[in-house]
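Build the complex: two chains, separate frames, hints provided.
Letter by letter, the chains look like this.
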Amino acid sequence: GAGVSQSPSNKVTEKGKDVELRCDPISGHTALYWYRQRLGQGLEFLIYFQGNSAPDKSGLPSDRFSAERTGESVSTLTIQRTQQEDSAVYLCASRLVGQETQYFGPGTRLLVL
Amino acid sequence: AQSVTQLGSHVSVSEGALVLLRCNYSSSVPPYLFWYVQYPNQGLQLLLKYTSAATLVKGINGFEAEFKKSETSFHLTKPSAHMSDAAEYFCAVSATGANSKLTFGKGITLSVRP
Chain R
1 GAGVSQSPSN KVTEKGKDVE LRCDPISGHT ALYWYRQRLG QGLEFLIYFQ GNSAPDKSGL
61 PSDRFSAERT GESVSTLTIQ RTQQEDSAVY LCASRLVGQE TQYFGPGTRL LVL
Chain F
1001 AQSVTQLGSH VSVSEGALVL LRCNYSSSVP PYLFWYVQYP NQGLQLLLKY TSAATLVKGI
1061 NGFEAEFKKS ETSFHLTKPS AHMSDAAEYF CAVSATGANS KLTFGKGITL SVRP
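Chains as they are written, first to last, in the numbering used here: chain R, 1 to 113; chain F, 1001 to 1114.
The following block holds chain F by itself, in its conformation from the complex (with noise of 0.2 Å):
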């Protein structure tokens, strides 16, 4: 069974300061893990994802995140936040093979304040 924890549901930030959402996730087996992204009103676009290669991740729009086993932890972070991040995040875990159904966490919704 595999589960993802999200801490809190909104988290606020000013333009240019770091984003940090964190992300804890619960597997039986090795993971592959992802950071999507939900605009309103759209559906759910890739950020980012692990799949046991590196474990820092860089993905589009200058995000990133760390797999860290030993914390069971999957954090994603920017270093400078805008305007234009001001969405919903979601954390999801699969397992590996055929069916790789994802399970998410409840998501997080990310302000942005000038």
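Next up, chain R with everything else stripped away, as it sits in the complex (with noise of 0.2 Å):
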């Protein structure tokens, strides 16, 4: 079947513009993440969905990052007026209650300039 997508693979924008990252999770999974991959560093946690809600945000770095996600399917993740420092590949993943493997897609490759 088909795995988790995400678009667009890849996205340069100016500082201070918004951006939109989306994710398409593996249907019939209802836990959905979102992690930050930046340059030398490991992957960090952003934001928990469970169906539509959020119920842990903790990993979110500012109040310009927000994620919404519709119909316990696709989720989006806005960052407003970017900074530089906001280059690093997103990466969704999402997961089947019960079960532990959390299904990682190809990741949005964000550039800041």
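For the record, the hints were derived by calculation from the structure and aren't laboratory data. Remember, it's a predicted structure, so these values are computed and weren't measured experimentally. Every residue gets a Cβ at the ideal spot worked out from N, C-alpha and C, and that includes glycine. Hints are not guaranteed to be accurate.
[Unchecked claim] Computed list of lysine-lysine pairs in DSS-like fashion (alpha-carbon distance at most 27 Å, straight line):
(1) R/K17 <-> R/K57
(2) F/K1106 <-> R/K57
(3) F/K1049 <-> F/K1069
(4) R/K57 <-> F/K1049
(5) F/K1068 <-> F/K1106
(6) F/K1069 <-> F/K1106
(7) F/K1106 <-> F/K1058
(8) R/K11 <-> F/K1106
(9) F/K1049 <-> F/K1068
[Stated by the list, open to error] Stretch by stretch, here's where chain R covers chain F in the computed footprint (C-beta under 8 Å, at least three residues):
(10) 1042-1052
(11) 1100-1112
Take a look at the structure:
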């Protein structure tokens, strides 16, 4: 079956612009996660969705970051007023409730100039 | 709180040699432990996981890892390296329960010399 997909695969933007990153999880996976991978660093947790609600937003680095999920499916991560330090690969993962494994998408590579 | 330590950022082995990638974790609750591999410009792929069953876990591509609670370790091994094993390897820990967010180590880049 289809895996986790993310779009766009690459995004170049100018400092101060807003960007939206999209994640399509595996069908039926109600748990969804966003992570960030900055150059030379490990992956950082950003936010966790169970269904359409986000019980854990503890990893969002500032109020410029927000995310939503609709229909227990697609999720959008929005970064407002982008800064150069937001440059990173943003990874989405989904998980079937009751299972331990998170399945990752290919990521969106964001470059803020 | 949970954390993962992967010592060193780069390991180089000869083709056919033993691969040993170290991972130590800290967790206040019984953990789940994972090794993921990331090939260039690709997402993460699960190699293997420990979920409180057998302490010696076998994964894909000939990799295995042993959970040692007394040492808080989950080292990844492969008896004989192949050129195709060159990639970045991440160890991760999660708590059990609904959230199960992953806490990752910084990753280790494995190079394989011909």
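- What hints, given by number in increasing order, does this structure fail? none
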